[in-house]
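There are 2 protein chains.
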Amino acid sequence: MEHKNFIGALNWRYATKQFDTAKKVSKKDLNELLESARLSASSFGLQPWKFVVVEDKKTREKLREVGFGQPQITDASHLIVLCSIRDVDGKYIRKYIENIAKIRGISADMLKGFEDTMIGFSKQLGKQAMLEWAKKQTYIALGTLLSACALKKIDASPMEGFNPVEFDKILGLEKLGLASAVLCAVGYRSEKDENAKYKKVRFDMKDIVIKK
Amino acid sequence: MEHKNFIGALNWRYATKQFDTAKKVSKKDLNELLESARLSASSFGLQPWKFVVVEDKKTREKLREVGFGQPQITDASHLIVLCSIRDVDGKYIRKYIENIAKIRGISADMLKGFEDTMIGFSKQLGKQAMLEWAKKQTYIALGTLLSACALKKIDASPMEGFNPVEFDKILGLEKLGLASAVLCAVGYRSEKDENAKYKKVRFDMKDIVIKK
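For the record, the sequence lines run as chains A and B. So the first sequence is residues -3 to 208, counted in the numbering used here. So the second sequence is residues -3 to 208, counted in the numbering used here.
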């Protein structure tokens, strides 16, 4: 990833509204973007997410209809639907524990205390609050993904404006135990996108940082 | 920011548990970290966050007591408390609109439609759901901040394990209209931190990416 200056990259990026429909993100680049999301931090390291990459034209047309008609959904190179695990329960936590044991070459029994802590946390929050928690973790992955896009000079449009119930239906997510949390269209800006010319708007540092 | 390879940087980072208490993040580096968070994406560009940087030793000792005693709270160079705006209401939205108008040199009246959309969104969700929404946006900023840390080879420990009610009291956040959302301690790892040696655990790409 060539962009040495991260602040410069973040200033370069903007929420792209019009994509160049002729330009595709290469397979190699797409894999790097997904790899950055995969490596994101999450609470307990639980990674309560999956990433659905939609390229199929017809599917994207259907999604656009329940996504406030936003053209980025169909026109970007790829649409990434960042999904959260609906039920981070004992079974899911067990899968994670086994993954740790395998990667670190230790016995899952050695992780019993950690497993119990996570199970207790999940039970205490309850299913609905756990899904909200999972979505927050998924937003960390979004932040990492947008950072990767900016560093690679790949344009992106993060979107919350869509009907998640309909998205879940069209993509068959519920039966996979997933809930669509937030979208990120990736690709390359159209030369016609006026939004690229607007000055970035952020509150001043002095208004958002408090030192104690 | 020197680390050219973002994937490499993400693989380098880990949730640091033991910080070197003698090593401080320079003022220049800290500003760059905060600048990355400031430049983060958010829905509507509303930036419903503020960042409280705690350096004071006594304050951090108090916070640690209501933060499950986690040593990162006191031992890292700086503790950043990422806070969300408690009430993204018409008044807050107006401030944002005026900020856009000022930066882009246009009249706030030209943004009336955009302002009304945001006010409608806020009213429809209601105060409690809006705070949850604001926290999600704050997690994007966390993702950006962790990316910046990794690129700068500054260690970080994101933490959800703390009592937010007590944090808000100690830091006087409620009267500022803020709610503590998530913590990020930044600094440099201690040579004694065994966690640095563990292999990173992530699910395989094939298990978390679905192509459509």
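Keep in mind the hints are simulated off the structure, nothing from the lab. Check the hints yourself; a few may be wrong.
Note that the list lumps identical chains together, so a pair holds whenever it fits in one copy or between two copies.
Mimicking DSSO-like on lysine-lysine, the simulated pairs with C-alpha atoms at most 30 angstroms apart in a straight line are [to be verified]:
hint	residue 1	residue 2
1	Lys20	Lys98
2	Lys98	Lys196
3	Lys108	Lys46
4	Lys188	Lys202
Q | Index of numbered hints that the structure contradicts, given in increasing order | A | Going through the list in order, the structure violates hints 1, 4 and respects the others.
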